[in-house]
Structures are given as structure tokens and as C-alpha cells.
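Line by line, the protein sequences give chains G and W.
Residue 1 is where the first sequence starts when you use the UniProt record's numbering, and the numbers rise one by one after that.
Residue 1 is where the second sequence starts when you use the UniProt record's numbering, and the numbers rise one by one after that.
Simulated from the structure, these hints should not be mistaken for lab results.
No copy is singled out in the list; a pair is fine if it fits within one copy or between any two copies.
No more than 25 angstroms apart at the CA atoms, straight line, and that leaves these computed lysine to aspartate or glutamate pairs for DMTMM-like:
hint, residue 1, residue 2
1, 329, 312
2, 113, 421
3, 323, 256
4, 113, 312
Number of protein chains: 2
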Amino acid sequence: MSSKNKKNPQKPSQEGPSNPTPPPGEQPTQPKANKPIIVDIHTHMYPPSYIDLLQSRTTIPLLRSFPGHPSPRLVLLPSELPLLSHPSPSHPPGRPLTESYTSLDAKIAFMDKHSISISVLSLANPWLDFFSTSPDTTTTTTTTSPDTINAAAIKINTEFELMCQTHPNRLYFFAVLPLHPTTTTNLTNLTEIVSSLTTSTFPHCRGIILGTNGLGLGLDDPALDPLFHLLQDLALPIFLHPHYGLPNQVFGPRAERGEYGHVLALALGFPMETAVAVGRMYLSGVFDRFPRLKIILAHGGGALPVLAGRVESCLRCDGFLYKMEKEGKGGRMERSMGEVLRSQVFLDAVVYSEVGLRAAIGAGGEGGVGRLMFGTDHPFFPPLGEGEGEGEGEGEGEGQWGSVVVNREAVDGVLGEGSEEAGMVLGGNAIRILNLREEEGGEES
Amino acid sequence: MSSKNKKNPQKPSQEGPSNPTPPPGEQPTQPKANKPIIVDIHTHMYPPSYIDLLQSRTTIPLLRSFPGHPSPRLVLLPSELPLLSHPSPSHPPGRPLTESYTSLDAKIAFMDKHSISISVLSLANPWLDFFSTSPDTTTTTTTTSPDTINAAAIKINTEFELMCQTHPNRLYFFAVLPLHPTTTTNLTNLTEIVSSLTTSTFPHCRGIILGTNGLGLGLDDPALDPLFHLLQDLALPIFLHPHYGLPNQVFGPRAERGEYGHVLALALGFPMETAVAVGRMYLSGVFDRFPRLKIILAHGGGALPVLAGRVESCLRCDGFLYKMEKEGKGGRMERSMGEVLRSQVFLDAVVYSEVGLRAAIGAGGEGGVGRLMFGTDHPFFPPLGEGEGEGEGEGEGEGQWGSVVVNREAVDGVLGEGSEEAGMVLGGNAIRILNLREEEGGEES
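Pulled out of the complex, with its shape left as it was, chain G reads as follows (with noise of 0.2 angstroms):
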């Protein structure tokens, strides 16, 4: 850890996206010219909206007060389900919710702390998957009209434009969609949906953030083939990000005790969910029928880098996987893993270790520098105070975040401080292949 947070009573409080009037002197920012544009392309936001979203509701995800503790929890994960049941007064679940979950300004005071010119933004997990069948069968799912789950997609992306714009080339969003069951048999409101995320309404939008959820059966469920060719046509990009980590059992008693925090949840649960989940996709053909979908991991593609050849070897070796090739009913892909890796998918430098770097690089190939893009999972993993953080003002604090120093580290340690290819990875690659720059001219990777 870098520093710890002080609070600074100066330091006049912070609007949330409510107001957004840019406030004097929180004019864009121009990067100078020795040092390396940095964009964060993995930065969350649960905008006012969603903020309503999470109060109303009584299982995870929610907002609770618990008595004792100044700022309500958030409670996102199914590791904290067993915590929620029997909450413990000293240690209640979930985290604090402060202003850097929902203020703009909190967002561009530690962009500029952090030297970061550019965000894009995307509402944190779990996004609306609470409207649709969870794979969870702990967590109730709501019921809700299709109609609504639309307009709460609306409505959200439309709160991430405005802020965009009331900052002009420091902020871009990955928009959410409104996924569920009904998804498939409406399709003509999914496209209506989509498709305006390319018009004037959203010029800000510049992909779509993606559990792996989907319809609830994952992303190699086949009913999401017409989402996979709109967004192919589109030429929107997905973020893909993990919420569910791993069932509670994998972790143990100890864990579903709460001993370990949330360490195993997320630290090995989600780039876990996540690297299944391209496994699935990639195994049901995805990448061979959608050939031009691009495709973004969160946390530098979880542990896909280092699988990636023992999916390929295992199927080699799969014998009914083979039987299926020999009968002629498929069962082999058309590229390998690693084909589909160095041409399709790109991965974010969230990985705090260069150990972690140097697979996400190795994993694109010879252009894999080319394909990695800075990220800080900002405002998840704040640096520690009293109280977790709370009423600290996480962000305004005089030090940098240690979770976004260890990543930054670690690009400059494998790549170099100050080279092009670092450069590339802070943030040449972002402003290349999101195009987040049209004024510079976006070329397409």
C-alpha cells in the first residue's frame, strides 16, 4: 500500500452526478507532451438511478445500514450471502458505500490525482442481472416487465452520456443492456437499444460492459447469437467482467465464515468466472461464427493467459470431442484458443504483478503489447483508513491508490517508465482501438 488516505476538511464536498455542472477548474486536462497519456479503461460508477435501484431492494444486490456504522453497505456478492443472514455487528458484509461509487467529481478528483486523462466509464457489477434468472439459485430474482428493465438501461446509460459530457474528452462509458429472458423473443427492442448506442443520443458510448451471465444459462447459451452479430456489425466491443466468482463451496467453511474477507472471492473467483466464461463461449463457437466480435477481459483475462494452451492441449485429447470431428458433428474449433487470444480479444493491464503482465502480453501473441490497455477497477480496492475508508474521502486523500500503483509498476517494470510500449499500454492502445480521440483520427486495430 502506497499511503493511507488523510481527510482534507478543505476541500469542499463533492456533487454527484445529480449536479453535473463541471465546476471551475475541472476543465479537461491536456496531457503534456514528455509524459504518457493515461486512460483507465476499467472505472465504475453506480450512477443516482441505480443508487434508487439498490435501496429498494432486499437481497443482493442492496444497499443496509447497520447500526454502528456511519455509511450504508453495499452488498454485492454471492460469497457475502452467508455474512448477510447472520451479520456480525463489528464486521457487517459488503463495503462502504461512499462518494466514490457515485460522485463525478469524486471520479475526476482521482483521475487527475492519478494522472489519468481519459476514463470510460461503466456501471459496477452486478449491473441488472438481478431482473434476469441468476445462476445463483441463493439470490432471488426479481420479476419485473421487460418495459422496465428496458427503461432502467435507458435511463442509466443516458445518466453515464450526461456525465460524459459535461467533461469533453476526459470521459467515455461502456453502456449496459437490458438483458433477460424476454431478450430473445423481443429482439426488435434489444436492436432499438443497441443500435442507438452508435447515434448522436450516446456519442460518448464506446462498447457495452458484459457479465457472464447472460440470459441467465451464461454466454454460450445460443439464444445470445443475434446480441453477438449486432454487436459484430456495430463494431461495439464488449467489456467482459465477472460478478459471481465461484460458488461458496469451492471457497470452504472458513471462507463462507467470512475468515478470509473477500479474498478468495475476488482475487481468484473472478478472473476465474471469467476465463470459464470465454472458455464456454469460445468451446460453443462464438468466436468462429461472430469473427469480427471484439471482446475486452476485465483483469487482464483473469487466468486465460496461462490455460489457454492447456484448453488447446485438452482438446487435442478429448476423446469425444474427437468421435464428434470424426462423425462430422463439429467438436473442433476453427482456430485455436490462442488464434482466437492474438485476434479477438483483448485484455485490460489488471493484474498487479508483472509476473500477471508479462502472460497478458505473451497471451496477444507478437502483437499481444499492442492489445493490453491500463485499468484501475477504481473506486473497488481503496487504500485503507479508519472505519475501511469511511467518511476518509477515498481519492481525495494526499497519496495515489496502492491498487493502481502496483499495476502502473508493473508496466513500467516489464515494458519501461517512459517507453512507446509502455505508452502504448497507459494508454495509446485505449485511444487506438476505442477510438477516443476522433479529433486525432481513431485507427482500428
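Following the hints, position chain W against chain G.
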């Protein structure tokens, strides 16, 4: 795949370990001076008494015959359970039980074909776990007396020891332990069995193979402390190997219907299981309590090399663990996970890619190359021919196994064919770490 097996009718039928007299011409091979000594530390067998056990069972693991298939099928994995309940006549679950699993001569032939000088044999999964409490409640737990389980372990270890004695200087083994819930209430027996492994009764034992189940609660169960204490004191390394993978639900309904063969369970589930097991051991303080315990991780440590940094970052940012630390109730480890990987953990090189191999080396820090040991995972992942190799006599065909070649090529590709470092990974490290050639003097790592 480098080649497909061809039946070689000229070769005499191979004998199983029930007839362990070395046939003529099977004398120890002296490695040539200009070639690296290759040691395979990850190579499995089912000795006769274990086959008897499998034949007596009605749920996994089991042997079952299916009409139209000449070999009985070996059904092992939780992911195969749905297919066991509703087997397809053309695609029954499991894999054919060929002599590669049971015959010592087939093992030696495989070694000779791949220029492997020394193999460190181990019982293949799931060892004796089925006598214990399984984490998968769909598998029936057999209730057997502790004496019977202990006797089974001793018998199997004795069979392995006898195999090693028939091929001096070529074979060693990792022993199996009789773990069951009464282990900790009857430490006398466990101590006796484990201690015997370092006596003249088992001169070829070089450690123990361990699954992730422990006594049914995983390897972060404090009831295992006496075992870890004993293994540390006896300097017996653990070869940690996965078996359970991840719960079927993680891979979704299409995988449960068998559409992807074994690929997801083996390629992703197995290495993730290993990484989670080590993460749990780490957070429970096993490595702090037993800093001289040596642990060798199968499949290059699974996903751990690239996720260790994320574990450390999540630990630093965990609000609950932070509070625990502030209150003097623990919550922090004495060393980072990276430090543990660099001091107590060794990895096999069964990773199937240069990207994965580089990460495995990187996880070990500056001395990473010295902590990696070649392996094959034989007899799993055979080359496929008609009938999944049934009756093909894998290991007896002309070509080398593709699953072995890819790992060998990764070593040569990353470290340079014929280089000193490649020689270390291919054999030198294993000889040193596992003290395989006492006449040459074993340098302790």
C-alpha cells in the same frame, strides 16, 4: 498432435505390476552425456489393489463396461456424473482403461520412447478420497473402517515400492496417505504410516501425493496441522494434485450435457482447484506455521502464478482483514503469497505453452528456473486414434505423445534447447529437489 498411435503387433504383450520381474532388455538406461537427463515427476499409475477397489465400486470413481466398447471405462470426474446417470450408447462417460494405467512395462516403454530417464510415480486421482467425506455431495461416501483404509494405503505404497525396485535408478514414487475423518483422532496410526515412508521399507518414496479434499473440509482445515507438522519434520514434500475441479454448475448446462467433452473440467477446473487450495492454505496460515513444508503444485501451479499478485492486492485492500489486524486478531500473513511461492512452492512444468511456462518460472522469482520440474501427466491425454486409442496400446506406437511434446517444446522454446537452464527444468531440478540419485549427492534446495 505430433502423431497417432499405430498398433505394433510384433511387440510382446506387456505385463502389469502384478508380475514385476524386469523382462530382458529392460535394464536401467544410462543417460548419454550430451543429452539432458529427463525426469518426469508427474506420471500416474493404478496398481493392482487399486484396480480391485475401482472394480468393487458403484459410484465414481469406478470401472464400468458399456455395450459395444471393448475396454471398461474409467469414470473419475464429478463432471462425468451427469453422463453416468444417462450414458449415451455411442459416447459413454470416462475414458477406456488401457494398460497405460496399469502396466509397469507400458510405463517403461513410454519413458523410453520419450527419453525419460527417471519417473516419480504416483497413484492417479482420486486416490483414497472416496473413503472420506467428499466435497461433492452427489458422490456417495463409503463408510469403511480406518484400519481398512490404512491397509489400502500401505498396500498401494508397497506395490509402488516394489515397482521401483524392479527398475533401479529409474523409478521413485510419491506415496498415498490414508486420510479420513478419524485420522486426527488416531494420530498414532497416521504418524506410523507417514514415518515409515522415510525408512528402509520405502527407500524409493520421495514425498506424498495429496488432493485438495483433506479430511473433507479442504487443506485449510486446522485438523491437518499434525500432518503438515509431520511432513515438514520428515522433509517429505507434498505433490498437490487436483481432482474435483469446479462444481458442474460453473460450466453451465451445455457442459453438463457433455457437449464440450472433458475440456472445461480438465483444462480450467483442475488448475483452478489447485490455485484455490493453495490460496486457502495461504490465508489459513499453513505456510506461516510450517515454513519448511515443501509443496509441489501440479500443472505449473494452476492459475496461481498470474493470480498471486491479485491475492496480495486484495489482501491489502480487504476491510475485514484490515480491521482484524488493527484489533490484533490476525488477518495478515507473515509473508506475501509471492514470497511463499519463491520459498516453499515448487511447480511442475505441465503447462502446455510458453506463456504458461514463463509465468511458472516468473512465480519463483530470480530462482524460478530452479523450482520447475518437467512432467508428462501420463497416462492421461494420450494421442487419439480409432476408438480413443482403445486396443491401440498408447505408448507403444511410433510417435511421441503430443501432450508431452508440447511441454518439452515449451521448455526448449523458453530456455533454449540444450541450455543449462532447460536441463535444470527437464531433470536437474528434480534430481536435486527430490534427491533422486543418492550416489551423486543430493543438494538440498
